[in-house]
Structure formats: C-alpha cells, structure tokens
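Trainee: The chain contents come next:
2 protein chains.
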Amino acid sequence: MKITAKAPANIAFIKYWGKKDEKLRLPANGSISMNLSEVFTTTTVEFDNKLKNDTVKIDGRYVKDREKLRVVNHLERIRKIAKVKKRARVESKNNFPRGTGIASSASGFAALTLAASKAAGLNLSEKELSVLARMGSGSACRSIPDGFVEWKIGNTSGSSYAHSLHPANYWSVCDVVAIVGEKKKEVSSTRGHTIANSSPFYKTRISGMREKVSGLKKALKNKDFTKFGEIVEEDAINMHAVMMTSSPPLFYWSPETIELSLEVKSWRHKGIECYFTIDAGPNMHIICKERDVLRINRKLKNVKAVRRVIINKSAIGVRVV
Amino acid sequence: MKITAKAPANIAFIKYWGKKDEKLRLPANGSISMNLSEVFTTTTVEFDNKLKNDTVKIDGRYVKDREKLRVVNHLERIRKIAKVKKRARVESKNNFPRGTGIASSASGFAALTLAASKAAGLNLSEKELSVLARMGSGSACRSIPDGFVEWKIGNTSGSSYAHSLHPANYWSVCDVVAIVGEKKKEVSSTRGHTIANSSPFYKTRISGMREKVSGLKKALKNKDFTKFGEIVEEDAINMHAVMMTSSPPLFYWSPETIELSLEVKSWRHKGIECYFTIDAGPNMHIICKERDVLRINRKLKNVKAVRRVIINKSAIGVRVV
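Quick note, the sequences are listed as chains A and B, same order.
Going by the working numbering, the first residue of the first sequence is number -3, and it counts up by one from there.
Going by the working numbering, the first residue of the second sequence is number -3, and it counts up by one from there.
The hints are simulated quantities; they were obtained by calculation from the structure and are not laboratory data.
Do not rely on the hints blindly, as some may be mistaken.
As the list makes no split between identical chains, a pair holds if one copy fits it or if it spans any two.
To be verified - Here are the simulated DSS-like cross-link-like pairs (lysine-lysine), alpha carbons at most 25 Å apart as the crow flies:
id : residue 1 : residue 2
1  : 297       : 266
2  : 15        : 199
3  : 16        : 199
4  : 266       : 300
5  : 285       : 219
Isolated chain A, as found in the complex (with noise of 0.2 Å):
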C-alpha cells in the first residue's frame, strides 16, 4: 500500500529543551505547542518487496548517510512492530526551508510515523501515533494531535506523548513567522538537547517548568492573550539563556533576531499587543491576534532583514491524504 500524509509543522509556546532519559527519549519538561496551518511536510511511503534498501527523498534530493539513518531507523521501528519485512520507499516534500529554526523534524517524522505505519498495515491510534514520533524526533509526537497540544513528559515510553488540550478552531491565536535566515544551523537541535544539562541554568530551568506550563494551560483555558503572551516570550528567552550558556554555547540568534524583538516591543509599545518567540532558529515568530496580522504583516514588510512572511493559524495535526 501507498500512503501519503501530511503533518504541520508546531510552534511551542512552552519550549522543549533537553532530554530526562537519553535512552527512552523522555523529554526533562513538558511542553505546549500550537500546529500551524501553512508550514508541513507532506509524505508518502510504499512498503515494496523488489527494493533491496530503503530510499528516501527529501525534497527532491535522495538523502544519504546520517540524514538517511535517522528515517531508516524509523521505518525499522515501524517494521518491527508490524512484522513486515519490505523495504520502502518514502518521499517527503516541506512547503519550507529546511534547518532554519522551523521544525522540520517535527512535520517530517509526524507525517513519515502516519503514512509508514499505514503503508504497513497498522491501523494505531492518536496516542500510539504520538509515541512513536516522538522516538523519531522529540517535537515530533506535538504535531500529530490537533491544534493547542501538551506533551506530557511521562515516565515510560508509552506515556510519553502529546495530546490535544483544544481543537484548531478554539482560539484565533496567529502565529506570524519572519523568516529572516535560510542558513542551515551550525548545530542542530537534536546535539544541542544532549548538551542542554552543561548550561549552569538548565535545573534551575527545569524546576520551573511545572508551574510555567499549568499558567499557560490557565492562560489558554481563559484565552487570557496577556498573560498567554507573556508566558511564551518569557519561556523563549529563558531556553535562549540556557543554550548561550550551555557548553559549547548555542547562539541561534542573528542580528536580525534581536532587531526583530526590538520591533516586537515597540509595535507592543504602540498599542499592537503581540509577543515573540524565537526555536532553535534565527526566525522569529510574533504571536498576535488574528486581528492585528494584516498590520504586523505590514510593518515586517519594512523591515529589510525579512526575507519571508508566512501567517499562521492554528491547524489540525497529521492526517492521511
């Protein structure tokens, strides 16, 4: 069987950064994040018995070595569990620029996770589905439910997943990305969660995170957008600080980062109530409301540093297309 899928790509509000368990792959704090409707991965995969090896195209481009083993190491988990022997042949198309802090790796193994285990004959459920991505790529297992997502930090593989808090259409929250940089990141954030615990900030960090993410669960549940905003820009430069600080330091920002929150204060200043925040990236994302994203949109159009805008509401997780 052919199956094609496609996943969106999340924004967290609450970031994910460094690892409880290596091995189980347990995120060290739990995380909420919004799908977004116009950055995905789009996959499809067919197990077939004449190949001989796994092929994986990624835009266009059969993908090699390390990039290659990672999604072969999924299709093996998949296999595994569906006890089917056949190799596949998978090919993957983002609407966006790779490694440039929009979560490629989140769309692609959501989208990969539902259309291989399709194509294999599974039939797993949201939960499952979530489990799985997340052995894939951590933020992975955020894009599979529907829009405002918590991923629960769990105590076993099995309960390591995230699940939908609200549905796409609860809250007209946007998320407006600048795409200021299209380089690849010198350190990719799956290195950078490994080293995440050298940061002398990174407990102080984690102990907080409990109580950052029930605020936001409240600020959500009362569609506070105040203290909503607040919560994510706060928790962006915290994750920042820890990374800067983190040895080898991690500095994802560029110039055009710290001009781009300088505008972001000073449009707030004005009476344009947005917040921003920033992943393992240059980008930046202003969180607004829909009514304000024709202006911000407006005013990031005079800023020369911006290459790109893409407006993003919230979205359903993966589905089969």
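Start from chain A and add chain B according to the hints.
Mentor: Quick look at chain B alone, frame taken from chain A:
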C-alpha cells in the same frame, strides 16, 4: 583648593551584577577588571564659600535632578569626612560618550572621589578612596588602583574595596572597544542591579562566582590567554543571560552586538585569538593580545555597524593631574 583628577574607565573580566547588601552597597560577587588607557574622565573640584549650592557641569552642560543629586550626595559624604561646609564647583569631562556601555559612572566617581577629597583637604589612602568611590558607583572602586584589579565583596562598607592584582605593565592584553551605539540606554545599570535577583538564574550565577574569580586570577597569574579569554567571554554571556531573564527583561544587546560576536568567533576560528565581553550596553569589547590589535582594527573597519574603535591597553588608576 582646586584639584583636578583623572580616572580611567575599566572593563570587567568577571562582571559585577547585583548587590549583596543594598544599604551598605556590597556587591553580590567579587569582580576583576582592567583599567582602560584611552577612556577616562577628568574632573576638577573646588570648594568655594561664595557658592550657595554645588554646581555640577558634565561635558560642558550643567546637570540637574537625579544626575546632579548623585554627585551632590557624593560631595556630602566627602564633606562629612572632611568636616567641610563649603559648596563645590564640579566640572567633569569624559573623552567618550556616556550611557553607551562604557562605564562613565566608574571613571566619573573615581575621579570625583580623588578630586573632591583632595580639594576638601583630605589625604586618603588608596583603600579609603576605593571604599568611598564604591559608595558613589559600585564599579568606580575598581578605577582607583592600578592595572589589573580585584574588588573583594567584603562584609562591611570598610572592607569592600578594590586592590591591584598586577600593575598596568604586567601583561600586554588589550581591549579593543567597537562602539556601535551612542544612544543612552533605557535602563541604567544602577536600576538593573536592583532587579538582578528577579532572574531565576541569579542565585546560580552568584553561587559559581567564587570559583570563576579564582580561575581568572590563576589565568592572569600564569598569563594563560586562552583560559583567561574563555572565562571572560563565558562570564559576559552568563551575566547577560541573567539580565535578559530578569523581570522586566533587560536587553542591552543590539543587532550589532550579535553581528560582532559572530565576527569575533569567526576571527578566532581563523587563528586570531580574541574573545569578547559586553557590559550593560551594546558595544563590544574585544580582548586580544597586543600583537593582534592592528589586524583586528583593520577587520573592524570593514564592519559597517562599527562607528568608532578605541584601542586600550591596561592603565594606571586614578591620579591627580
């Protein structure tokens, strides 16, 4: 008597951020700095019984309100010790722009302390001058002694002062200051110190300082430039991580700060051993060996954002001129 004193600004290799005792003005951690040869304040003080009030002229302009009050309060301390009633005429000149991250308050209060105490007929020891300068502005105590300086925390006002670790000619380390912004900063460092402990990372920073201070002293003693530079750069990032996670967040970085930090890392990668440090402002202090100063200066000429470069060697402390 009319006395003129000249005091250098200083660059901290281990930063002072936050106070252990607000009332006694004791720092939360020990710090280490170097006096700068090319950035200084020259201050003339004359007590005059014809004056009804103190007058304070800084860079050609009579200052008032809070800016004046801080100087008048310092004169009061000195009048009290000297048992002088007369008002003073203070005239101060900086050879660099104020409020841009070069510590004008350090050189300013160091020069004021020596000029005013001499003009009031006092003949204070280096230690007494350092204690007194500290009361005007914490880091001013480090601009009193010569060369490479350590400020010990102390437990009482009288035991919190700076002393020279090594004379100015001990080691030919340079501080190449790349001026990128001449705008006054939004939050003064005086205010910043009082909110330092609102950062979740503040306690962790402080608890690691004793070890960092002794590590830097050892690197200085051994003239181990690599170890020295690594500690300097790491401590600056650590302090800014605390600043940006405080409440409200303090961002002293501009886009150019990030741009230059990336430049410094790339030069280092190419074999020019240099490290950066950043005070409470956007300017970059590039710490390098004397032999690399001209190469770095040439490279800085190609960085559009750099408005001005100041090449500093280590310098003597405050002097009557």
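Trainee: Next, verify each hint and record whether it holds.
Mentor: Here is how each hint holds up against the structure:
Taking the shortest Cα distances, residue 297 and residue 266 sit within 25 Å of each other inside one copy (18 Å), while across copies they are farther apart (36 Å). For the identical chains of this complex, residue 15 and residue 199 are neighbours both inside a copy (12 Å) and across copies (23 Å), given an alpha-carbon limit of 25 Å. When the C-alpha separation of residue 16 and residue 199 is checked against a cutoff of 25 Å, the pair qualifies both within a copy, at 11 Å, and between copies, at 23 Å. For the identical chains of this complex, residue 266 and residue 300 are intra-copy neighbours only, at 21 Å inside a copy versus 30 Å across copies, given an alpha-carbon limit of 25 Å.
With identical chains, the CA atoms of residue 285 and residue 219 are at most 25 Å apart within one copy only, with a shortest distance of 11 Å there and 56 Å across copies.
When held up to the earlier numbered hints, the structure conflicts with none and fits them all.
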